[in-house]
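Chemist: Listed here are the chains, written in short residue letters.
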Amino acid sequence: MLLTGAEIVVQCLQRENVKYVFGYPGGAVLHIYDAFFQQDEIRHVLVRHEQAAVHAADGYARASGEVGVALVTSGPGATNAVTGIATAYCDSIPVVILSGQVPTAMIGQDAFQEVDTVGITRPCVKHNFLVKDVAELADTLKKAFHIARTGRPGPVLVDIPKDVSAAKYEFHYPETVSMRSYNPVVKGHQGQIRKAVKALREAERPILYAGGGVILANAADELTALARRLGAPVTTTLMALGAYPASDPQFLGMPGMHGTYEANLALHHADVVLSVGARFDDRVIGSPEHFASEPRTIIHIDIDPSSIGKRVKADLPIVGDVRHVLADFLRILDEEGVTAPSEALAPWWERIEQWRARRCLAYEQPAEGPIKPQYVIETLWKVTKGEAIVTSDVGQHQMWAAQYYRFDHPRRWLNSGGLGTMGVGLPYAMGARFARPDAPVVCVTGEASIQMCIQELSTCKQFRLPLKIVNLNNGYLGMVRQWQQLFHGGRYSESYMDSLPDFAALARAYGHVGIRVDHPSELEPALERAFTEHANELVFLDVLVDPRENVYPMIQGGKGLTEMILSADGL
Amino acid sequence: MRHLISVLIENESGALSRVAGLFSARGYNIESLTVAPTEDPSLSRMTIITTGSDDVIEQITKQLNKLIETVKVVDLSEAPHLERELMLLKVRATGKDREEMKRMADIFRARIVDVTDTTYVIELTGNQGKLDAFIQAIDPALILETVRSGVCGIGRGERVLRV
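Residue numbers (our numbering), protein chains in the order written: chain A, 15 to 585; chain B, 232 to 394.
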């Protein structure tokens, strides 16, 4: 069948079972949009800014586990997409980005809306392609999806010149991909795995430290089974919240800069650390030198060999898909007849319980206000029964959401952990809603972050997305203000958000429900109304919270896990 | 420590910039880089000279392997290997310097490949040290141009890097 390049694109997406494409049209992709117009299988979601197209595709991927797809035009369409691409790259999210390009004959001539998209995106994609011949289009798209979703996942960009989308070619979609240069490892080394199981069984103070790789590999069940079998404490990074049930007593909370007292101390004092799809990054262990000051055995499972040994030395490296590797751990424990946790861990748990008794996340909500942001998140958890998909932007509200919304299931917590991109919250919520139309989706944001993609309220209206936006409005770039208070002598340089809009009125202007909450007693009823009376509408809850509240515990950048500030009293 | 890393990579446009970009983005040293197609024109072979601690070299090889187009990576300097670099040197060759330059070229087993009344172009192949030594041995005032290819490397004996 002779098809145009544009029709080939649509056919390929259909073969990959793509249901939604998030995009924005323009000159270089007109042929592709024309082909979309003439089909019904794939739904196009028209965003209001290309950055949001990639974020929404990324959010869709995070919530569903499927590859998200974004479509943008050349030039500014592609450059606007870069922040979204880099965000997905830093968190290893499978996204395929299709960008239009000027016709091949005009490449390099500084044509209208021409940029070197492949060059600009090269450092922030897993891989990218410029398709110069329509004959290569189908093969390239097949490879793009394969590369995006296998191994350590990531964004893959395919740049398609306008003449390529216009040219005709015999369509044939390859069934399989064979690349001599790309064959990611799946199974872990069995000898290493046996050694690791032995180390864990002999450990007196083990800890399971899980990262985003557990979510990406859909290995939450295996992780939970292993933790229960060993009776070991579990800490999950910001990227892995929900990989282990937060309501379980073996869960210590998140480690790191704003991690819990018990998680940080247990990670520091453990004699065997099983790192599963995590990478010991600077926001988790702080200083590698301080971390290395305590002797311990580190077992490091990761599908990406370059993550192992990058920041800390691994004693037992295991390269492989964490789901396969954890399944091997469980099988070996079966063979060895280990069915229940060892009694030998009792002293370790006694120490952990002492740390936990510090109740590092305790706070007080004064009856007459101001509203504490922690209280907002806890109330949200209560009203949604802990079952919502929660997205966040970046800053204090992100940390409070991570600390106080107890996630019991994977793929319910979507945030930009690696790049720390303000503005992701709303488009992530949009993507999540398309992925899970049955689930309540809440965007926890702040008055600064929400303004970085607020135009998407219009997209939400067009597609009738009944999202709930909880804006923790403290009038400040809160995390910047916190650092300025703690480390810059209280000189609040440019962190005060002046001239804020009336967010509730703004939401109403976009055709949504807007509610302002400024007293603690109004919070729960307002949230209840959002999920009942306004269940089918987007509700923007502008919650005025205590502007002086800080996120604790806190470890200053570059310090070690034992050097926590637990409260304002600890300053 | 100085390392010599050989990379087999798909001969596709952009592959070189992925490697060069990787080194600059992650702050790795790159002393020299050579690249050309192999006997299989779909594959290119690169030789990269870099320096770094063991940890850094481990990361470099891992990051190179991670590139989608990379087929194989070997740190040649881990075992016996050969290194060769080609240098073309244009020198002033007049009067008594003309004979002296010819003599030096002979001593270093270099070849004079272009001759005019006033200049020679000298071709010299060897490891980096030999090339450096030749430059040291002649009068710097006579050097008009220096072109060096960067180092190519290959393992000794049965040690073979291929698909």
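By construction, these hints were calculated from the structure, which means they are not laboratory data.
The structure presented is a predicted model; accordingly, all values stated were derived computationally and were not measured.
Treat the hints loosely; a few may be bogus.
As the list claims (entries may be wrong) - These stretches of chain A come out as covered by chain B in the derived footprint (C-beta under 8 Å, 3 or more residues):
| id | segment |
| --- | --- |
| 1 | 133-141 |
| 2 | 315-322 |
| 3 | 402-411 |
Cβ coordinates follow ideal geometry from the N, Cα and C atoms, glycine included.
Chemist: Hints first: check each against the structure and report whether it holds.
Modeler: Do the hints match the structure? See the list:
| no. | hint | result |
| --- | --- | --- |
| 1 | 133-141 | holds (count 5) |
| 2 | 315-322 | holds (count 3) |
| 3 | 402-411 | violated (count 0) |
Going through the hint list in order, the structure does not satisfy hint 3, though it satisfies all others.
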